[in-house]
Every structure is written in structure tokens, then in C-alpha cells.
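J.: Quick mapping for you: the protein sequence lines, in order, are chains A and B.
For the first sequence, position 11 (counting from the first letter as 1) is numbered 383 according to this note's numbering, and the numbering increases by one without interruption.
For the second sequence, position 273 (counting from the first letter as 1) is numbered 296 according to this note's numbering, and the numbering increases by one without interruption.
Think of the hints as simulated: they come from the structure by calculation, not from any bench.
One or more hints might be untrue.
[Claimed, not checked] Below 20 angstroms or equal to it, Euclidean Cα-Cα: the simulated PhoX-like pairs (lysine-lysine) are:
id : chain 1 : residue 1 : chain 2 : residue 2
1  : A       : K494      : B       : K28
2  : A       : K512      : B       : K28
3  : A       : K449      : B       : K443
4  : A       : K510      : B       : K28
[What the hints assert, rightly or not] The calculated label-pair distances, taken between Cβ atoms and stated as ranges, are:
id : chain 1 : residue 1 : chain 2 : residue 2 : range
5  : B       : L322      : A       : N511      : 51 to 57 angstroms
6  : B       : K28       : A       : K599      : 43 to 49 angstroms
7  : A       : Y457      : B       : L322      : 56 to 62 angstroms
8  : B       : L392      : A       : F515      : 34 to 40 angstroms
9  : A       : F515      : B       : L442      : 28 to 34 angstroms
10 : A       : F515      : B       : Q318      : 53 to 59 angstroms
11 : A       : F515      : B       : L43       : 45 to 51 angstroms
12 : B       : F333      : A       : L498      : 32 to 38 angstroms
13 : B       : E451      : A       : D596      : 43 to 49 angstroms
14 : B       : K38       : A       : T384      : 42 to 48 angstroms
15 : A       : L498      : B       : I27       : 43 to 49 angstroms
[Unchecked claim] Which residues of chain B face chain A? A partial, calculated answer using Cβ under 7 angstroms:
id : residue
16 : N33
17 : K38
18 : T41
19 : L42
20 : L43
21 : T356
We treat Cβ as the ideally placed atom computed from N, Cα and C, and that holds for glycine.
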Amino acid sequence: MSLVMLENVKKTYITEEIPVPALGGINLSLEAGTFVSFVGPSGSGKTTLLNLIGCLDKPTEGKLFFSGVEISRMNRKAAAQFRGYNIGFIFQNFNLIPVLTAYENVEYPLIMVQNVPPEKRKNKILNLLEKVGMAEQKNKYPFQLSGGQKQRVSIARALVSEPKLVLADEPTANLDHGNAYNVIKLMHAMKREFNTTFIFATHDPKIVGEAEVVYVIEDGLIVDSHKNKSAVGGTSR
Amino acid sequence: MNIIKIAWRNLLRYKRRTLLSSALIAVGVTLVIVFGGIGNSFKNEVIGILTNTTLGDIQIHRKGYVSSIDSLPLDFTIPEQALPRIETLLSNDSDVKAYSERIRFGALISNFSQTTNMRFTAVYPEEESETCPGLPKRIKEGDANPYTFIKPGWIVIPQNIAAGLNLKVGSDAVLVATNKDGSVNGLNLRISGISENILGPQGKDGYIHIDDARSLLRIESGGITEIAIKLKNFGTLAKTYSRLKNDLSDFKGPQASNAPGTKNGSSPNKQAQAGGSILEIHTWEELSPFASIAQIVSLLIIVVRVVLIFIVLVSILNVMVMSVYERVGEIGTIASIGTLPSRIMALFLTEGLALGFLSAIAGSILGSLTLLVISASKPHFRFGMMNLILTPQIPAGEVVLALVSVVIISLMASFQPALKASRMQPVEALRHV
Chain A
373 MSLVMLENVK KTYITEEIPV PALGGINLSL EAGTFVSFVG PSGSGKTTLL NLIGCLDKPT
433 EGKLFFSGVE ISRMNRKAAA QFRGYNIGFI FQNFNLIPVL TAYENVEYPL IMVQNVPPEK
493 RKNKILNLLE KVGMAEQKNK YPFQLSGGQK QRVSIARALV SEPKLVLADE PTANLDHGNA
553 YNVIKLMHAM KREFNTTFIF ATHDPKIVGE AEVVYVIEDG LIVDSHKNKS AVGGTSR
Chain B
24 MNIIKIAWRN LLRYKRRTLL SSALIAVGVT LVIVFGGIGN SFKNEVIGIL TNTTLGDIQI
84 HRKGYVSSID SLPLDFTIPE QALPRIETLL SNDSDVKAYS ERIRFGALIS NFSQTTNMRF
144 TAVYPEEESE TCPGLPKRIK EGDANPYTFI KPGWIVIPQN IAAGLNLKVG SDAVLVATNK
204 DGSVNGLNLR ISGISENILG PQGKDGYIHI DDARSLLRIE SGGITEIAIK LKNFGTLAKT
264 YSRLKNDLSD FKGPQASNAP GTKNGSSPNK QAQAGGSILE IHTWEELSPF ASIAQIVSLL
324 IIVVRVVLIF IVLVSILNVM VMSVYERVGE IGTIASIGTL PSRIMALFLT EGLALGFLSA
384 IAGSILGSLT LLVISASKPH FRFGMMNLIL TPQIPAGEVV LALVSVVIIS LMASFQPALK
444 ASRMQPVEAL RHV
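One chain only, chain A, in its complex shape:
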């Protein structure tokens, strides 16, 4: 069974009473444990597609299924609960909570979303911070971290709730090439470690090559898709 399946998904925004189509009918099936990239220029519909898969928005038409469950008609509360247990997010601007330390940012979903008891949290968080190379920076606040470090914390936060799927919208857009490469490499490693499906949107051709499956999106439609056999998790740069 596919982890994510989209059936003729369309999304139209209404701007000043004028309908603006963002997605024009997407059919897609993504297997679990893959490393997928949506590629396309700005405004092509990548972020809209991620938002729909991530239960952050609802399609105008069509259906979305996650592990066989339709997620396109969930109400706000059900969608939030669903995201909290099934989907992790990595943002272009890192979006760490500024008043929390690196450790606390990673801890946040376990407390505020999943209500995990303290004794079960600590090892899990420290282990994850260790894996993303941020164990020594765990007590630092976001303003004390570099962009690359922030994104590492962000990856740990996305993975701490053990989601089946991690969505990353332009995760390397605010990083230099070296840091961008390291972040992609880290995401690859995490995918292998936790067998988590990663979907990221990018228009950076240099990191597209790291994806196992690439979907090219233009004007709200998938115009091309291919498997990238050379993607092995950052062994080349």
C-alpha cells in the first residue's frame, strides 16, 4: 500500500474574488521509506502540494490518502492530531521556537503534542541530538546557533515524534552550499535510520540529485518524474 496517494487533487486560491489555480489535478502515489523531491520554479505549486500532503490545507477537488486513510476532509482538530502523530515538518526558515533551547525545541512535540512522560523523553531527545550532531549545543537558544545548526535541530524536532513522513519545504534555501549538502546528507541518514519517508520541495538543482524519486512540477502539474539511481545519501557532492 502506498504511504501517500493523491487522486486528481486540485487547489484553487481565491484572490480578490479571482480564482487562481495552484494545482491543476495531481495524481501521485508515494511509497513508504523513499526520499522524494518536488522540483520546480517558484510559484509552480510545490509548497501547495506539500501543504496538502501535510494536512495543513484542504484540496479544492480530489482526494488524499495517507496509509489508506482519507485525510483531505479532516477538521482542524483532527488534522492537528493527525499531523502530531504522523508527519514531521522542516521549514525553510527553521521555525524554531525562540524562547526554547535546542533541547526544548526537540522536546516540544513530545510534551505539547504527544504528552510523552518525562522518563521516556530524555534519552530519545539526547539520542536524536547526538545523531544530528547537536548534543553539545543542546542548551543553546536558536539565536545562539548558526543556520546549519538550526536546521539540524529542526530535523531532530521533525523526527522526535517518530512520524511516518517528514515534509521539508525548501530546507536548504537559507543555507550555504556546504551546510545545504550536510543537511541533505543528514536527512538521508535519518531516513535510513528510522525508515521515514522524506518529501522535500526545492528549486535548487544542486540538491535535486540527492533525491531517490524526483517529480518536476510546473504550473501546478507534474510534468516529469524519474528515479535517481545515483542518489545514495550524499556520497557525492
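For chain A, the structure is supplied; the task is to place chain B on it using the hints.
T.: Leaving out everything else, chain B in the frame of chain A:
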């Protein structure tokens, strides 16, 4: 890490704004507590003086007496045959500490060369001292013994009368009074004490032994115009008043011989004779104009409380609206991570609540300390003819009320911004990053 910790850190994130709002709320709470403490101290001090020196806590009269009190009528007496029942009633009441039967009348006092008018209260000293324990302490010259300050043949006069008529302790004076039948009589008496001018705006109230009053007014027995009652606990005033009022309603119309006003054929007590109670009962509040001042003080305290409510409302609302506005992107992030709308709401409500509650605690401490300083310095001032010493206590009720009010208003003020935050669509909110 929990909601409270996150809320606290978010408050510290905008230190200047939080401090400013917090200071405003704290000052508001301080003002409420200080004003409440001083206002209540002033009220209690004056009420204490009035009830402990002249009025007692409750008074019983013949029906219609209080409405004619300016002329101190002698024909509105409590029926003699009703007195034993009233005495039994009061003696058996567990909330009544003491009572004093009085005859109040107007008289002329003369030093044999000059004459002026006075109001006299005729009492038994033991009963009066039990009922108004502050009275003997107000006697500044002469016998101030609570059990002997009034003896047969002696009177207590206020300082201004003593000064005006050049009377001293031991001086002779003549009292001339008209009895209820219109006959005039005089009595030679001696000054036993001179009291402070606390007993009325003109300070023309004196004391005489009840036996002398009966002799002067040619009353063989009875003739009691009022019974002043002292309660064991002033806090039971309303309850005791209500109970006594109910008990006294059984005292139905008097026999014809005791009915007042029969001389000229018009009875001021027709209602009583028609089957209603012949007695009336009043708390000190109904007998003293200070009750209105006390009400104004209470009203001012309420006004200060209302001002506090507005301060809290505007301060918290401002902080929370700004907080939500500035953190739209962050709200989008926590919502997308999976935080339930109810938790997002709880987070912002906690912030508003923490700001209000901690500020109120700070204000309560500051207010209580201010009251302690005022109480320690014991400021005194004159109010009318009374020397008042303010020793404000920390008004526990006021502190609790202020804390509870601030908490409730904080929640109310935070509600709209918190609701707005919880209802944000994650996609829309994330665009603000």
C-alpha cells in the same frame, strides 16, 4: 518544560512591554489595597467611636421616636410593661453583650448667672459603660470610673459648655427641663466630669443619672426613651438586627394609658395601636449621618476597583494582542507540528493569566507593605470633633478580591487574542514567517 514555563519565557521575551504592563497592574492593585485599607480603617475608627461612645450598635425606641428625635420627645417612651419582656429578650440573646436603658431630654443649664441649652442622656453608669465602653475614656476631667462616672446628684458636661459657662469639676449648676405634661422643673446638680466634645456637631451633650432625670422630669418609673445595645461581635450586626426586629414585632399596641400623644387627641402611634409593633429598632447606620460618609467611602473603594479592572483589561489586552500579532509565524509552526487549537489557546491564556497574577501578587505585596508603614507611623487627624488615629490593617478580603478580580479580568482580556491564535489556519500563519 510545560505551558507555564513557555508562557513565562514568552513574557520575558518582550521585557520592556511586560514590565510596563506589569507595573501598571501592580500599581493599580497597590492603590486598591492601600485605599481599601485606609478607607476601612477610617470607617472602622469612626464607627467604633460612634458605637462605643454614644450610639451602641443597635437601638430600640417607641415607634415614631426616631423621626421626631430632634425634639427629644418625652411622650414617645417605651411602655413600662414592655420593658421586662425586652430585658428578658436581650439578656437571653447570645449575640448581645450589654444594653443600656436611657432617657434623653433637652434642658437648660445655668451657672446661676448664664444659661444655655443642652441635650442630656440619663443612664445607669454600669449599664452605659458596658454598652458604650468608650464613653468613660472620653471624660478628660473628673471621675472617669466606668461604674461611678455618673452618680445621683452629679452630671457630666462637655468641654465647650464647661468653658462657656466657666464650670469646673465640683461646680454647682442648675438644670431646668420641661416634662411631657408641659410642667417646668429645676434641679441643683454638681459637675462630676468634663468630657470631650464628641457627642454631636455642637458638642452639647451631657450625662445625668437616670434617677435624677426622673426626678427632674417628674417621672415615677419607666420613661425610658431608648435602649442602646452592644453586640459581642460587630460582624453579627445584620443577623442580630434582623432577629431582634422579628422578635420585637410581637410587641403589639399598648394600653390606652400608655399611648403617646393622647393629650391633644392625636396619636402618633395609630399604626401601632391598630395591631402593628409599638417598637422600632435601628442599627447605628440609621441613626448617624456618618453612615452616608461610610457609604461614600465604600463607593470610592468600588470606583478604585473599577479603575483597576480597566487598567488590567487594557494592559493585558494590549500585551496579548501585540503578542499574537508578533508571533503569527510561530503560531503557524506550533500548529503545523500538531499542537491542538485548545493547547494554543491555553498557551496564550496562561501568558495573560501569568502576567496578571504575578503583577497582582507584586501589587499585593507592595500594597501590604505600604499599609504596614502607614500603620506603624500611626497618622492622626481630626474628623469633625473626633481625633482619629489611622491604624490600617491589611484588608485580607480586599487582597483576595483584587487577586481574584485580576485573574478573572486577565483571563477575559486574554480570551479574544488566545481564541484568534487558536483559530489561525497553519498555512496562513506560516506565510508570516
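J.: With reference to the structure, classify each hint as holding or not holding.
T.: These are the hints, each one checked on the structure:
For the hint linking K494/A to K28/B, the alpha-carbon distance of about 18 angstroms falls within 20 angstroms, and the restraint holds. About 17 angstroms separates the Cα atoms of K512/A and K28/B, which keeps this hinted pair within 20 angstroms; it holds. For the suggested pair K449/A and K443/B, the alpha carbons sit about 15 angstroms apart, so the restraint of at most 20 angstroms is met. With a C-alpha separation of about 18 angstroms, the suggested pair K510/A and K28/B falls inside the 20 angstroms cut-off, and the hint holds.
Checked against the hint of 51 to 57 angstroms, the C-beta distance between L322/B and N511/A comes to roughly 55 angstroms, which is consistent with it. Range check, K28/B to K599/A: about 47 angstroms between beta-carbon atoms, so the 43 to 49 angstroms window is met. Judged by the Cβ atoms, the range 56 to 62 angstroms given for Y457/A and L322/B holds: they are separated by roughly 57 angstroms. Hint check: L392/B to F515/A, Cβ distance near 38 angstroms, so the stated range 34 to 40 angstroms holds.
Under the hint 28 to 34 angstroms, the C-beta atoms of F515/A and L442/B, about 30 angstroms apart, fit the expected range. The given range of 53 to 59 angstroms is respected by F515/A and Q318/B, whose C-beta atoms sit roughly 57 angstroms from each other. At about 23 angstroms, the beta-carbon gap between F515/A and L43/B misses the expected band of 45 to 51 angstroms. Checked against the given bound of 32 to 38 angstroms, the beta carbons of F333/B and L498/A, roughly 49 angstroms apart, lie outside it.
A hinted range of 43 to 49 angstroms for the beta carbons of E451/B and D596/A is inconsistent with their spacing of about 31 angstroms. At about 45 angstroms, the beta-carbon gap between K38/B and T384/A stays in the expected band of 42 to 48 angstroms. In this structure, L498/A and I27/B break the distance hint of 43 to 49 angstroms, their C-beta atoms being roughly 24 angstroms apart. For N33/B, the suggested interface contact is upheld, since its CB lies about 6 angstroms from the closest CB of chain A, less than 7 angstroms.
Violation of the interface hint for K38/B is found here, the shortest Cβ-Cβ separation to chain A being roughly 12 angstroms, above the 7 angstroms cut-off. Among the interface hints, the one on T41/B is violated; its C-beta lies about 13 angstroms from the nearest C-beta in chain A, farther than the 7 angstroms criterion. Taking 7 angstroms as the C-beta contact cut-off toward chain A, the hint placing L42/B at the interface is violated, the least distance being around 17 angstroms. At about 19 angstroms, the closest approach between the beta carbon of L43/B and any beta carbon in chain A exceeds 7 angstroms, and the interface hint on this residue is violated.
Hint status for T356/B relative to chain A: holds, with the closest Cβ pair at about 4 angstroms, below 7 angstroms.
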